[in-house]
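Q: Below, each chain spelled out in residue letters.
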Amino acid sequence: MSLFWLVVIVLAIALVGYVVGRARALASAGGDMRDLHSLPSYYGANVAMKAAVPAFLILVLWLLVQPFVIHSNISDMIPEGTIGEGSSLGLVMAEVRRTAEGLENAVAAGQISDDFARNARSDFTDITTRLKEAGQIVTSQITQPIMRAAQSYRIMLSTGNFYMSIVVLLAAIAGALWGIRETKADFRARNTVERGIQVILFSAALIAVLTTLGIVLSLVFNTVEFFRLYPAMDFFFGLTWSPSFSGRGGSSELGILPLLWGTFYISFVALAVAVPVGLFAAVYLSEYASSRVRAVAKPMLEILAGIPTIVYGLFALLTVGPMLLSVFGEDGLGIMKAGTAVMTAGLVMGIMLIPFVSSLSDDIINAVPQAMRDGSYGLGATKSETVKQVILPAALPGIVGAILLAASRAIGETMIVVLGAGAAARLSLNPFEAMTTVTAKIVSQLTGDADFASPVALVAFALGMTLFVVTLGLNIVALYIVRKYREQYD
Amino acid sequence: MNEMPNLEQASAMTSSKISAKMVQVFYGDNQAIKDVDIEIQPRSVTAFIGPSGCGKSTFLRTLNRMNDTIDICRVEGSIEIDGEDIYDAKVDPVQLRAKVGMVFQKPNPFPKSIYDNVAYGPRIHGMARNKSQLDDIVASSLQKAGLWEEVKNRLDEPGTGMSGGQQQRLCIARAIAVSPEVILMDEPCSALDPIATAKVEELIDELRENYTIVIVTHSMQQAARVSQRTAFFHLGILVEEGSTQDIFTNPKDKRTQDYITGRFG
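Respectively, the protein sequence lines represent chains A and B. Residues 0 to 489 (numbering that gives the first Met the number 0) make up the first sequence, in order. Residues 0 to 264 (numbering that gives the first Met the number 0) make up the second sequence, in order.
Just to be clear, a hint being listed does not mean it is correct.
[Said to hold, decoys possible] Label-pair distances were calculated between CB atoms; the ranges are:
#	chain 1	residue 1	chain 2	residue 2	range
1	B	Asn152	A	Asn429	51 to 57 angstroms
2	B	Asp87	A	Ala296	44 to 50 angstroms
3	A	Glu193	B	Gly27	45 to 51 angstroms
Worth flagging that the hints you see were computed from the coordinates, not collected in a lab. Predicted model, so just to flag it, every value in this text is computed and none were measured. We treat Cβ as the ideally placed atom computed from N, Cα and C, and that holds for glycine.
So here's chain A without its partners, still in its complex pose (with noise of 0.2 angstroms):
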């Protein structure tokens, strides 16, 4: 049975518990609403409830499961020596992997029967050949090990399948049977429906903060694994980075400061003009411009916050590279070589970043409540005086944190960078010399055939990791100061 029969099939039991439930409850109370303790909604729903949640959830704990089950199972079928030089155990089971969804879908398509693919061995049947015929992806020569892993692969993920269904529809009826027996005219359905839906939205958030956790586990762990093959002294603390794909990072040098110098200078540069142009936007949205020029002014502001990063690259890359290179260039003054600088990946993101700076600190302007304005003006004070003394001291907390947000935003900018500011790793003061940042370098380490347990592609976690220590403290550190804000005015 597919996934997507057996998540109707629940729902359709859960459809069904809901219209048995609160006919029920209308019948024990003889027809009257009024001797219901709860609106016989509620009942049908705490029968609905029971019948899907349980079940949804054996689902897929079920599926996060069974993986790890089949894979520890299967691997060891395959013996020591079968794996060969340069290779892992990982490749082989992707190998297995492939063999049985091979097998699999030719059984589905009717090229062969299902007793050939159980039980055929690939010494007398040359199974590589019949399967690429039938048009499936087979990498290399199937050997009788291989062959063997993949038939149980298969075996024990459709039995394993089977039981799933069975169990979670078992689960599902249990459910319903369950809600359906509690149904009496004084059961407090109401409460117990409120519960349930407490349950539904704390889990709701939990996968939300476990994901976090996930994406934390996943850098470290590699993190930790490219720390044993290379010396974190010399990636934190080295000037070079040239990495060497070849001689399985050997001779490469991995040192991160280019890296986080490239990005704070960019960053910086963007945030020089991403700041005073939003924060002056802001300033001009909130305290002059009439109704209506605001009406149209903010939309058209935020249109720039929904342009994808990818095409602020292209703008980068073909606009505004070669004109600051007309002047800057050697027609211009001579100072820069190429189209992609610092400069270039800096406005741009800068650009970027306005609508950021100024919506953030729109609102938070106008957080500062109207009696500050009337104070100031009812003491002859002009606009931009109430605006330079009052306004902003008041709301430079907020301001503040908004810039940092910014910056935290401008660290992990990556399509701009890769598209101006080049690729070359540079301790440089010059802005209109092309460098590079360790998001655009993280994708450069990861694209391409690198080997995975070299410390040429494990370096991009160690990268990942040290952005997202230096990102997060950023936004701690903004959402403290907001925070400290928020409490002036409350």
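Put chain B on the given structure of chain A with help from the hints.
A: For chain B alone, coordinates are given in the frame of chain A:
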């Protein structure tokens, strides 16, 4: 409003500080104030009373053009202070507001130190030549507001950290510091407890010697206690205006009588 004889009006004009004639105020299409004529005497307290929404605060805010900050607000008619039309194109509303100060319903000290709150106005108007002169202005303003003894040792502390009554007196000191001629007060005691209210009322009575004060209040007792003249507004119309004693003991209009005896409002 009963028509005053022309002769009396003419004599009132020469001595009055503020003279409003046929003032109309509109918010978009709604008329908030209709045909208001009033003469406000110098160095006295004039109270505006009336039920909520009667336009008394709106009218008060036209006297220093605070309504200019509201986009949809429009004022017609003439308002003269010392014989000068304040809605004339030549008049700078910013200068006007230095001359006609304002104290608001809720105490609104800036999130700055007590000293900086009071020094705010003198600084933006360049009223002090040096630091010691500014110190003098701050000290004398706080003295006039009756706050000096309480705060002289903590001028660096934030103004927002004081009690509500102290904050309101700080706002009065802040208004005095720019040496206005007129002080407008929009329900200055509505957010204060009775003891703080009594202090502010006492202060208003003292300030009368040097300033022209216009106060909007919901409390008829307060109007009776602090003001020399009272104006009763109802539905955007100035119903009756006269000496406080006359208004409270011998109102000419039935609506005034009904309001002060608590029959509506």
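Q: Run every hint past the structure and note whether it holds.
A: Against the structure, the hints come out as follows:
Range check, Asn152/B to Asn429/A: about 56 angstroms between beta-carbon atoms, so the 51 to 57 angstroms window is met. Judged by the Cβ atoms, the range 44 to 50 angstroms given for Asp87/B and Ala296/A is violated: they are separated by roughly 33 angstroms. In this structure the hint that Glu193/A and Gly27/B lie 45 to 51 angstroms apart at CB holds, the actual value being about 46 angstroms.
In this structure, the one hint that does not hold is number 2.
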